[in-house]
Every structure is written in structure tokens, then in C-alpha cells.
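S.K.: One letter stands for each residue in the lines below.
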Amino acid sequence: MALNPSGTPSPRRHMIPAALVAVAVLIAAGAAIATTAAYFELRPSGPPAPGTVAVTDDLGRTVNVPVDPSRVVVLSPNIVDSMVRLGLRERVVGVDCESAAFGGLTGDYSPAQITSWNLTSALCVQVGPTLSVEDLLNKTPQLVLTSTIVSLSDIEEISSTYGIPVVTLAPATLGGIVVDVELLRTIFPSAPGAELVGELQRSIANASALSSALAANGTAFPTVLLVYYVTPAASPSPGYWTFGPGTFGESLVEAAGGVGIAANSTVAYPELSGAQVLAADPQVLLYGTGFGLDLSTYQGAPDWGNLPAVTAGHDYPIDSTLITEAGPTMLLEGLPQLTALLHPGA
Amino acid sequence: MGAPAGPSPAVPARLLRRFGRRGRWAILLLGGTALLAASAFVGPVAIPPETVAAVLLHEVSGGALAPQPCGPLPLASAVCQSRIEIVWDVRLPALLLAAIAGAALGVSGATLQGVFRNPLADPYLLGLSSGAALGVAALFILKVGVAEANIVLPFLAFAGALGTGAIVLAAARRASRSVETLLLTGVAISNLLSAVMLVLVLSNPIGSLQVTFWLLGGLGGATWARDGIALGGVLVAGGILSLYGRELNLLQLGPEVAQSLGLQAARVRTRLLFLASLATAMAVAFTGVIGFVGLVSPHIVRRLLGGDYRVVLPASAFVGGVFLLVANDLALLALPTSELPVGIVTAFAGAPFFLALLYRRRRAVPDGGMP
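Going down the list, the sequences are from chains A and B.
In our numbering, each residue carries its 1-based index in the first sequence increased by 2.
In our numbering, each residue carries its 1-based index in the second sequence increased by 6.
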């Protein structure tokens with residue numbers, strides 16, 4: 003008891019337990035009306051309504067989406083790539099952008115993409131550092147297509163609070179890219195570009211055939227470090243960022259007839275130290291360029307100049323968009339380029 | 007019991023005193039509501055003021071005061087719907103959450119400064135916020151389901167804040183009255199908790215993405231439901247805390263004097279820390295870690311209204327709410343097309359304030375001890 007030396011009971015005596023009960027009741031009441039709130043798991047959709055189709059996205063969620071929507075916000079370059087190649091560019095009313103401090107549109111899209119896909123800042127929906135729900139709603143979309151760039155709680159908020167279906171397309175393999183394009187064809191049955199799926203399948207088949215032929219000839223597959231970013235040697239935690247198991251990057255190297263040195267990593271996107279790369283001794287080193295990255299950036303990585311692949315001249319630049327964006331262009335342009343670099347004579 | 011010595015009330019306080027107690031609170035409440043409404047006009051999407059006003063009036067009055075939900079401007083149905091959603095379902099919940107979280111941090115900061123008799127105490131600097139953050143991070147990693155998340159989240163944040171508070175309290179008791187020891191204890195605990203959080207984050211890549219988004223802080227995740235939960239907890243914690251102004255005044259006289267006047271200092275301090283942890287947890291659970299609000303707000307109040315904790319506690323809640331609202335507005339005005347996390351703005355304002363305070367104290371008390 004607080005201010006009562008005589009020991010007379012004070013009304014405050016029961017305040018703490020009462021407060022706890024009150025908090026519990028208030029929280030429970032709030033949670034009861036929290037039909038829109040979520041952090042991790044997403045609720046399944048009900049049966050599809052007329053004019054909608056049920057699709058299962060890359061998160062395993064079944065989502066009811068309108069058939070042939072005319073206003074779509076696309077929050078990932080690889081999906082914009084698919085939309086453009088399917089002839090659906092005019093339906094894209096919003097794309098992902100970084101905040102102005104991080105480059106806006108150019109933070110997520112290369113100059114070539116901005117030009118060829120006719121992207122303007124008017125399309126911007128800020129996703130970094132956090133999603134701007136205002137930007138998104140301002141585009142009045144009927145559908146949102148996103149990768150894992152958007153958190154699950156945001157997906158839940160968009161879909162349940164505002165009734166806008168959200169489909170996540172984040173393929174983990176090259177085959178997954180084809181699956182996602184087929185899924186888009188389900189949503190947009192009237193889309194031109196029907197031959198795209200066939201082209202993608204042929205690209206994978208060609209690479210697979212080449213690999214099989216090389217294996218049959220007894221050609222050894224080179225060990226490869228496909229690096230998309232480096233932390234400079236001068237920083238506290240320097241290293242090479244690459245692709246581990248279960249990622250499209252690792253799948254890309256394998257399809258191109260190489261063996262990624264991080265294929266046995268316990269992390270999907272590991273950062274390897276200079277010592278680890280030296281120990282793995284990759285025969286070929288491929289580094290992504292663009293978005294402010296060039297050879298000089300990579301030369302700042304630990305032990306770059308000591309790597310045998312570099313001293314032997316087996317280090318090659320490759321457009322970052324071809325190795326980090328799991329869309330049709332990765333299959334149609336990135337895979338052939340990688341194959342040619344790893345097996346020049348084939 | 008009279009109020010402890012403090013800065014004499016400034017002009018705003020003298021003006022306010024012309025009104026009765028109810029009048030003063032009515033003025034503050036009206037001012038706060040006006041700021042809240044005005045803040046709804048600021049956002050990344052440029053919406054004409056008449057549309058914002060129409061949406062607010064329409065939603066508040068159920069259409070009685072503004073029959074057209076988006077005002078007189080001709081808007082397509084989908085566009086009008088998006089305007090309603092932006093103003094009513096995005097902006098207003100975020101603004102309310104700013105006010106609620108700011109109030110929680112303000113009252114928590116005032117309480118901690120009183121409990122520790124230390125003007126540099128703050129839920130952020132003492133590690134309470136980090137403790138709450140660790141609790142929330144554990145929830146992310148544990149993958150609690152949709153239905154349970156909103157219920158479990160505040161409790162875990164509370165447990166984390168309370169555990170940290172207990173450690174800090176024990177350290178403060180052992181560390182006599184040294185300011186540096188108390189602050190360094192808070193810093194050390196914060197760092198330790200951050201390391202634990204990092205381990206949790208690294209152990210789960212998917213969960214880590216969630217934690218990263220959340221740790222950026224801010225008001226983007228606000229919904230009416232979350233506002234309701236946070237408001238409930240803050241009303242309970244803040245309401246009870248505001249009844250402890252007299253005891254906090256006594257504590258400022260020193261534990262021995264307070265004891266001789268019949269105050270069971272240890273018990274009161276424990277209760278106050280418990281309630282301050284609850285208030286902090288309610289803020290952290292839904293906004294992430296936002297620093298310095300709890301430090302700055304009580305100091306503003308003391309300069310304006312004096313050092314009586316019966317006034318300082320509720321007024322710090324009010325100022326904290328206003329502070330976070332203004333910080334949010336500044337963030338939006340500074341970078342209109344970017345949603346700058348509000349924690350960055352509070353850090354820009356709070357860190358220099360903290361340094362100035364520390365510098366003044368060192369000039370007043372060269373050994374760094376309590377004056």
C-alpha cells in the first residue's frame with residue numbers, strides 16, 4: 003500500500019490486478035474486431051465469385067481474382083517483365099519504387115527497363131523502406147501482383163481491409179517462372195503473347211539438352227560464383243553475396259551447366275567471406291552490373307585480386323537484371339548468356 | 007504534499023490557468039483533436055483539402071453533415087472510394103496510433119524519470135523499448151497465427167519490457183545514484199537484447215524479413231482494430247499512472263524522506279515500473295521502436311507547467327501524443343512522396359535534445375552524479 007502507514011486498506015490495492023483484467027478484456031475485445039489484422043499467416047479465400055477465378059500463388063495461397071482485370075499494380079520488376087511480354091503493359095497502373103532518397107523508380111528498375119517498358123514516376127507505389135498503402139490505393143487497382151518484397155501483414159491488410167486481391171509471384175526455380183507466366187495467362191485469358199510459355203519452355207529445354215550433351219561428352223561443369231553484390235573489404239562485414247540452395251540464381255547456374263559454390267550453403271542468400279571464396283576456388287566468377295555496380299565495386303571486395311578465377315581472366319560481368327529478376331527475360335536472355343560464358347565452345 | 011521544486015510555469019501555463027480545470031482540459035483536448043484532423047490533410051497522395059474535409063465530415067457524421075462522401079468535386083466511384091479509404095482507413099488510424107503511442111511513451115518517460123529521479127530516463131534509453139521489441143520479435147519467429155497475433159503481441163511486448171525494467175531497477179538500486187551507471191546499464195541491456203534479437207532473426211529468414219520491416223518503426227501498420235487494442239492498454243496504464251502523481255512527488259524528496267512520510271518507496275517504484283512497462287509495450291507492439299518521445303515530452307511539460315507530477319504525468323501523455331503527431335507531419339512534409347519512418351524524425355529531434363541535456367547536467371554536476 004502506498005501512502006498509508008496505518009495499514010488501512012486503500013482503493014489502489016486492487017488496481018494492479020484490476021488493470022491486468024481490464025487490459026486482457028480490452029485486448030480480447032480489440033482482437034475480436036481485428037478482422038483485418040495479421041502478421042504471418044494469411045486467411046484462405048472463400049469460393050470464387052462470378053467473374054473471378056481462383057489461383058494458387060507462390061506462397062501457396064488460394065486467391066480469388068477478377069478475370070482480365072484492367073487495372074493492376076505490379077510490385078516487382080520480374081512480374082512487370084512478364085506482363086510486358088504477355089502484351090499487358092497498358093493494364094499496369096502502378097509499379098514498385100523506392101523512396102525518393104533511394105532513387106525512386108531507378109532504385110528498382112534499370113534505365114533500359116524504364117525506357118523499354120515506358121515506366122514513369124506517375125506509376126510509383128513506394129515499397130521501400132515500407133509499403134505506402136496510400137500510393138497503392140491511389141492507383142485504384144483491381145489486382146495487386148507482388149513478390150516477397152511486400153510483407154505478409156501488408157498483403158493481408160491490402161486484401162482483407164481494402165478488398166483488393168493480392169497474388170504473390172516469387173519463383174524459386176527457373177521452372178517456377180514458367181508456372182507463374184501460366185498463372186498470369188489464367189488471370190488474363192484474353193492476353194496476347196500466348197506463345198511466351200512455349201518460348202520459355204524451349205529455352206529451358208535447350209539449356210538442359212546442352213548440359214546433357216556436355217555430360218555425355220565427359221565435360222566437367224565448372225564451379226561458379228554468381229555474385230550479385232559485394233560488401234567492401236573496408237567494411238566491418240565484407241563479403242560476396244550469392245545464391246544458395248532453393249533459389250532461382252542457383253537454379254540458373256545449374257541450368258547453364260555450372261555448379262554454384264554456395265549450393266550446399268545452409269542459407270538461401272549467403273554472404274561468403276573472402277577466405278570462403280578462396281577456399282571454394284570457383285573456376286568462373288560472374289558478377290552483376292547496373293544499379294550502381296560495376297567492376298570497380300567488385301574489385302573492392304575482399305581478396306578479389308587474389309582469386310584464381312580473376313587472375314586467370316575468368317571473371318565476367320552480366321546485367322544484374324538478368325540474374326536477380328526471375329522473369330521471362332532471365333530465361334530468354336540470361337540463361338543463354340550464362341551458358342555461353344560457362345561453355346564458350348559449346 | 008507540495009510539488010517539488012521545478013522550473014516556474016511559463017506563459018502558456020499562466021494563460022491556461024485563467025480557465026478552470028475542466029476548461030483547461032477541454033482546450034487541450036480540442037487543440038489535440040484539431041491537430042489530429044489537420045494532420046489528415048497531409049500524406050503522400052495529394053488529395054484536395056475539400057475532399058479530405060468532406061470524407062472526414064461524412065464518416066464522422068454518418069453522412070448527416072456531408073451527404074456526398076467525397077465532396078462537391080466530381081470523382082469516379084472507384085477514385086472516391088480510394089479517397090475514403092486513404093483518409094479514413096489509412097491516415098486516421100495512423101494518426102490515432104501516433105497520438106496513442108506518443109501518449110504512452112510520454113507518460114512512461116515521465117514515470118521513469120520520476121522513479122529513477124533522473125531526467126535522462128526514457129523507455130528507449132533504459133532498454134524497455136528494446137525489451138518490448140524482443141518480445142515482439144519472438145512472436146514473429148514463433149509464427150503465431152492470424153487470430154492469435156493481435157492478442158499475443160501486446161502481452162509478449164509487455165513481458166519483454168517488464169523483464170528489462172526489472173533488471174534496470176535492480177541495477178539502479180545497486181548503482182546508488184549515478185546517472186552514468188543507470189544509462190550505461192540501459193545501453194548494455196539494449197545491446198544485449200539486440201544481439202538476442204539478431205540471433206532470432208538469423209534463425210528464420212522469412213521471419214527476419216518481417217522483423218526488419220517492423221523494426222523500421224512507424225505508423226504504417228495502423229488499423230482501427232490495432233488502435234483499439236493499444237488505446238485500451240494505454241488508457242488503463244496511463245489512467246492508473248496519473249493517480250500516482252503524489253507518490254512520485256514524494257519520491258523526488260529521496261527514498262528516506264519518502265519512507266519517513268509513510269511511502270513504501272520500493273513497492274511504489276515496482277508498481278510504477280510495471281505500469282510504465284505496460285504503456286511502453288502498447289506503443290512498441292504496434293509502432294516498433296520509436297525513441298526519445300519519452301525523454302523529450304516530460305521536459306517540455308516541466309518547462310511549461312512546472313514539476314508537479316500530478317500535472318506532469320497526464321500532461322506528458324498529451325505532449326507525447328502531440329509530439330509524435332507533429333513528428334509524423336514533419337516526416338510527410340519533409341519528404342512528401344516518401345513515407346519516412348517517424349522514428350527517424352524523433353531521433354533527429356531527440357538526440358540533440360538528449361545531448362544538450364547531458365551537457366547541461368555535466369556542467370551543473372561535474373562528477374555526473376545526481377544533484
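The reader is advised that the hints may include incorrect statements.
Unchecked claim - Quick partial rundown of chain B residues pointing at chain A, CB under 8 Å, derived from the structure:
1. Ala43
2. Pro75
3. Ala84
4. Gly227
5. Pro347
Simulated from the structure, these hints should not be mistaken for lab results.
Treat the numbers as computed from the prediction; the structure is a model and nothing was measured.
Glycine residues also receive a C-beta, built at the ideal position from the N, C-alpha and C atoms.
S.K.: Which hint numbers does the structure go against, in order from smallest to largest?
M.R.: 1 and 2
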